[in-house]
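End of the sequence shown = 305 in the numbering used here, gap-free, step of one.
FYI, nobody ran anything at the bench for these hints, they're computed from the structure. Do not take every clue at face value.
Unchecked claim - Using 25 Å as the maximum straight-line C-alpha spacing, the simulated DMTMM-like pairs for lysine to aspartate or glutamate come out as follows: (1) Lys-288 x Asp-227; (2) Lys-242 x Glu-223; (3) Lys-202 x Asp-305; (4) Lys-288 x Asp-305; (5) Lys-236 x Asp-178; (6) Lys-288 x Glu-223; (7) Lys-242 x Asp-252; (8) Lys-236 x Asp-290; (9) Lys-202 x Glu-223; (10) Lys-284 x Asp-272.
To be verified - Computed spacing ranges between beta-carbons, pair by pair: (11) Arg-300 x Leu-265: 29 to 39 Å; (12) Glu-299 x Leu-265: 16 to 26 Å; (13) Leu-225 x Gly-192: 14 to 24 Å; (14) Asp-305 x Ala-199: 28 to 38 Å; (15) Gly-287 x Met-224: 32 to 42 Å; (16) Arg-200 x Gly-237: 22 to 32 Å; (17) Glu-299 x Pro-221: 24 to 34 Å.
Backbone N, C-alpha and C fix where the C-beta goes; we use that ideal spot for every residue, glycine too.
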Amino acid sequence: MNASDNIVFFDGVCNFCNGTVNWLMARNKRRNILFSSLQGSTAKRLLPNEMLVDLSSIVYYRKGSIHTKSTAVLFICKDMAWYGGAVLPFLLVPRFVRDGVYNWVARNRYKWFGKSDACRIPTAAERACFLD
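The whole structure should be built from the sequences, with the hints applied where relevant.
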């Protein structure tokens, strides 16, 4: 791992978050994005403590910069080979609007999709993309 890595940090016990990671992994053809739970040691090493307390946001560590919520989602999509810059116009939508929608989903994710008792364990084929 180095400063140029792109890392998606996610709530490891959230079923919606785990489903999102599964979806991203299936489409990450360039293998340019790594994954780690917010509960893991990589998150503790790279992220500010306040991001580790509130697990309601996806965090995208992108080439040394940290993005959260809707901005993280947009940059993740941008960095996926099949999206390219198609999502960048959404950055013109005011962040409070984008994050408002994001926060609504985040508040309801456990109710709608459930919660696991433990963090997601990657399969043998996925291990190269998971940091911890």
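Can you name, in rising order, the numbers of the hints this structure does not satisfy? When the structure is compared with the hints, numbers 8, 9, 12, 14 and 15 turn out to be violated.
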